[in-house]
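Chain residues, written in single-letter form:
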Amino acid sequence: MLEKIAHIKQEFSSDLAQANDAQALENLRIKYLARKGSIAALFYELKSVSPEEKPALGKALNELRTFAQSAYDDAKLKLEQSSDSTELPFDVTLPGRPVSVGTKHPITQTIEEIVRIFKGMGFTVATGPEVETDYYNFGALNFPPDHPARDMQDTFFIAKDILLRTHTSPVQIRYMEQHKPPVRVVIPGRVYRNEAVSARSHVLFHQVEGLYVDEGVTMGDLKGTLVAFVKQFYGSSVKYKFRPTFFPFTEPSADMYISCFICNGKGCSMCKYAGWLEILGSGMVHPHLYENVGYDTEKYTGFAFGMGVERIAILRHGIDDIRLFTENDLRFLKQF
Amino acid sequence: MRISHQWLKELIDFKLTPEKLADEVSMLGLEIASYEDLSRKYEKFVVGEVLERAKHPNADRLTLCKVNVGKETLDIVCGAPNVDAGQKVAIALVGATIPHNQHDPDGRPFVLERAKIRGVESNGMICSAHELGIGSDADGILVLDGKAKVGTPLAKHLGQTDIVYEIEITANRGDWQSHFGVAREIGALLGKKMRKPAAKLRENKVTAASFAKVKILDTKKCPRYSARVLQNVKVAQSPQWLQDRLTAVGLRPINNVVDVTNYVMYETGQPLHAFDYEKIAGHAIVVRTAKDGEKFVTLDGKERTLRSDILMICDAEKPVGIGGVMGGANSEVSDSTTSILLESAYFDPASVRKTSKYLGLSTDASRRFERSTDIEGTVYALDRVSQLLQEMAGAEVLKGSIDIYPKKQKKTTINLRASRVNQILGTNLTKTQVKSYLERLELVCRAAATDALKVSVPSYRADLLEEIDLVEEVARMYGYNNIETKTRASIQFSTQTVVKSLQDELRSYCVGAGFNEILANSLLDAKTTEIAGEGAVKILNPVSVDMAYLRTSLIPGALHIVRRNQFQGQKQLRLFEIGDVFALANREKPNSFESYSQEERVLLLLAGQHSPVSYGVSTRPFDYLDVKGEVQALLSKFSLDKWSFISYDTHKALSEHNVTIEINGTYAGYFGKVKSSVSEKFEIEGDVYIAELNTAVLHAQRVNSTKYRQLPKFPKVVRDLAFIVDSRLPQEKVEKAIRESGGTMLETLRLFDVYTGQPLGSGQKSLAYALEFQPSDRTLTVKEIDGIITSIVAHVQRTCGATLRASS
Ligand SMILES: [Zn+2]
Chain A
855 MLEKIAHIKQ EFSSDLAQAN DAQALENLRI KYLARKGSIA ALFYELKSVS
905 PEEKPALGKA LNELRTFAQS AYDDAKLKLE QSSDSTELPF DVTLPGRPVS
955 VGTKHPITQT IEEIVRIFKG MGFTVATGPE VETDYYNFGA LNFPPDHPAR
1005 DMQDTFFIAK DILLRTHTSP VQIRYMEQHK PPVRVVIPGR VYRNEAVSAR
1055 SHVLFHQVEG LYVDEGVTMG DLKGTLVAFV KQFYGSSVKY KFRPTFFPFT
1105 EPSADMYISC FICNGKGCSM CKYAGWLEIL GSGMVHPHLY ENVGYDTEKY
1155 TGFAFGMGVE RIAILRHGID DIRLFTENDL RFLKQF
Chain B
3 MRISHQWLKE LIDFKLTPEK LADEVSMLGL EIASYEDLSR KYEKFVVGEV
53 LERAKHPNAD RLTLCKVNVG KETLDIVCGA PNVDAGQKVA IALVGATIPH
103 NQHDPDGRPF VLERAKIRGV ESNGMICSAH ELGIGSDADG ILVLDGKAKV
153 GTPLAKHLGQ TDIVYEIEIT ANRGDWQSHF GVAREIGALL GKKMRKPAAK
203 LRENKVTAAS FAKVKILDTK KCPRYSARVL QNVKVAQSPQ WLQDRLTAVG
253 LRPINNVVDV TNYVMYETGQ PLHAFDYEKI AGHAIVVRTA KDGEKFVTLD
303 GKERTLRSDI LMICDAEKPV GIGGVMGGAN SEVSDSTTSI LLESAYFDPA
353 SVRKTSKYLG LSTDASRRFE RSTDIEGTVY ALDRVSQLLQ EMAGAEVLKG
403 SIDIYPKKQK KTTINLRASR VNQILGTNLT KTQVKSYLER LELVCRAAAT
453 DALKVSVPSY RADLLEEIDL VEEVARMYGY NNIETKTRAS IQFSTQTVVK
503 SLQDELRSYC VGAGFNEILA NSLLDAKTTE IAGEGAVKIL NPVSVDMAYL
553 RTSLIPGALH IVRRNQFQGQ KQLRLFEIGD VFALANREKP NSFESYSQEE
603 RVLLLLAGQH SPVSYGVSTR PFDYLDVKGE VQALLSKFSL DKWSFISYDT
653 HKALSEHNVT IEINGTYAGY FGKVKSSVSE KFEIEGDVYI AELNTAVLHA
703 QRVNSTKYRQ LPKFPKVVRD LAFIVDSRLP QEKVEKAIRE SGGTMLETLR
753 LFDVYTGQPL GSGQKSLAYA LEFQPSDRTL TVKEIDGIIT SIVAHVQRTC
803 GATLRASS
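If you read the protein sequences in the order shown, they are chains A and B. Just so we're aligned: the first sequence equals residues 855 to 1190 in our numbering. Just so we're aligned: the second sequence equals residues 3 to 810 in our numbering.
Just chain A, with the same shape it has in the complex (with noise of 0.2 Å):
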């Protein structure tokens, strides 16, 4: 009987030795380990051993069933580890399917973003025609006709005393005329102008204008209410002044700079080395307005600012042109 185990002890050593495919170790399974094979036939024939036998055998039978396990076993994780690199081996550095992501164009995320920071203020969105009449866009808003002003906006002209909006500021009077104080509105608009186009400028752009009308409404909450968005829009640290200008449409007026991020102050091209970026027209509603709308203009005040939203994101970005913003190249598109 122990020459039989030994025997099988080394015809299993053998048959391990050239079994080298899953099939193979299969058979082998089933030849020694399986509930019909060899080693489970020698258990069989260790019942009609003699007792005196029996210990010694059985040990030894017990050595060889856990020998061959483990030793099956063994050759079969080293199969299938192999077998991973031999067959058709995972390569994990493959690229991942393409999805197709979807994007809002630059100018729709500045325009989102500054509407945003007035909505958390209380302001309403409202829009209006970009063809206007020469009414909404200049006479309501105080240009006298034949006056220098006009020519801070050059016009395109669709017929006698229409033409396309050269500013947002058209839906001011409109918005009043629907609307009784308190007034508190931005609105986001595309506007147009009849300038050569080139890397700084173009024919079509957009704007953001905002008006707040209501009694007590003073300089004051004009300043405190751009320099909270400013530092909503570009951070708390930035520095902000206002200075004098000349809008028709408002009185005061006040043109809004804020500390230029790019160089932080020390002078750049952007700034054109002043330190200081002009973002923003604003001023005191012009009296002359509230009378057009049906105000009362010892009541009311009130403020209204404005700003290019192209010039925004030209900054924000470091876009160099223009242009590129109407081009709608994907290449472009999908950087924002």
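It should be emphasised that the hints constitute simulated quantities derived from the structure, not laboratory data. The structure presented is a predicted model; accordingly, all values stated were derived computationally and were not measured. All clues given are correct.
Which stretches of chain A does chain B cover? Using the computed rule of at least three CB atoms under 8 Å from a CB of chain B, they are:
hint, segment
1, 997–1008
2, 1182–1188
Computed from the model, here is a short list of chain A residues facing chain B with C-beta under 8 Å:
hint, residue
3, Arg951
4, Glu984
5, Val985
6, Phe1011
7, Ala1013
8, Lys1014
9, Asn1048
10, Ala1050
11, Met1073
12, Asp1075
13, Thr1079
14, Val1081
15, Ala1082
16, Lys1095
17, Pro1106
18, Pro1141
Each residue gets a CB set at the ideal place from its N, CA and C atoms; glycine is no exception.
Dock chain B with the ligand against chain A, hints included.
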């Protein structure tokens, strides 16, 4: 406009550095954009003395000079015939930038280098007036005054030490277009008063009125015309200081008469014109409007065609100038002129602006008149010119000025309440404080009612007309940056402030669906607009033919963008835009605003490959069902299921296979495939699918509040049915028949296969549907389901001529 530092210094005392001045004056609203130190132009130029002049060994026309430049003596090769020993000359040292290159056709500046000229080294250059940019004499070197000190910087010797400010003027401040105006503003800044030069002159006994007559026929366009007559004027070059002043502010010196009128204009802001008295027929000036189509040659030699609203300055026979814009060639002062008639007038700003615009002629004079000049300043300016011409041209000034001023302008006085100032600015200023700010601006204030001041406005401040204008002046003087910042940004909840914006939601939806947003130009060329259909709105004054029409659809602009991106190699285009389109809806009334329609639309566009080309992706071109699916998804999102497709092909200029979209029976837009003939015109490769919807309809028809439906508690039952029908029958008919007969439990119906070919007969197709039944109150029995299926099959067979192919 350019303003001279030295000139300002004559009018007002200030110690500010140019940088500080620029800063502080800008903060008052008078923007100093930049300033220039003129002496920089003559860096590395010095006064030298020619010690020796010898012949150049290798060139007859050249000389070899030894020049003392103070610290050293330089060998310089010179080509000028007039150079000689003992002369004081202008020397450019090596490294200097010569302002004007005589050998360059455009006279561009160049940097002087050490050079060998015909074998001899030259260590500098002796300059001509032309090369220095201070005169026209290019034939010989500039010989300086014998008293010039050797080694002195040339800028100092030439008096080119001024600093020039470039100022930018707002449309309301005409008075800033002069040194007076800027000096007054500096005065306001520093609390000082400007020194106005006294115009002292000796007049003849003979009166000007006996030598010339002035008559104004249009007193609205010309409310005041003042004139003087000067005799025995010696027309000559202006003295150097005057030429320097004019050069500094960017004017070219011409002769003393013209130069002095320009000088006084830059000083006072009052434009002046000198006529040759002998060329004025009848020695009479008549101010009247032109005749339509009348021709006139202006000083610049150009013939202008006039219009009846243009104001002309005429003599007894003919026009001699366009009022407020430019004088005529026929009465110009020349070297032989001895008597002049000086004009100093006030012209109506709007009229001058109209004329200047119409003629396309903007001059130093018109730019001042159209922003309003000082109507009370005409005579002072005349006197100032006369004084200077008396000093430098020996002019005899006839007694008195001829001053036609039929209706003296009333002095502006404005009531200003301190309470109004505080109401607008949010300040707490007292009446006394308000007064002190206004007085800095030379506004005279008298106390009126308790709270108010009566403010008298100087005539040169034509922009100050009403109370609010003075509030701004107070604010400027108080300092915008001293106004206390307040934040009363409290939200008022009395009205709904946060309104859901369909536009925002649409945009977010499209981005989520993988579309890239574009913003196309809404101005298009005629050809593109024509392709899109009729009724386009035309721009009367387009900037170019490429942008002469407003878009009638979002599609053409997007097609341009498709081409651009295809050209850049983009294979997959999923684009959307939300924007306005325009049309002239009523062509009978193009001058009525109501005739123009403006409508916001959303465009979806698919072109190229459905998926990006990559390993592990099997891609295919976008097709019709893709755009249809996108539209269905969008409509389901925004209008739930109240929309329908009307599938007869409506005629569209740009697209085919069009399907009309209706929401609750209202037209909302359409989708389709861009015609290949259109794609070709745009040079686009492959098919383009588009959908264009009207956002106002989406907005009006959308369901705003969504009602929750309980989730089903009983299992759903799935059955498949396949029918054989005529291959020309739209599947929609079968779908409709199944829905009609499927009962309320038929929840979803999905076409999953369309088959033609064996074993079906020709002209036949098989349509296979998956049906899902969802009971709400019980579990369905097989018998119930079989009953429903049987009635569906019967109905489809009857209404669609179908035969049942399979049921499972
Ligand atoms: Zn900077």
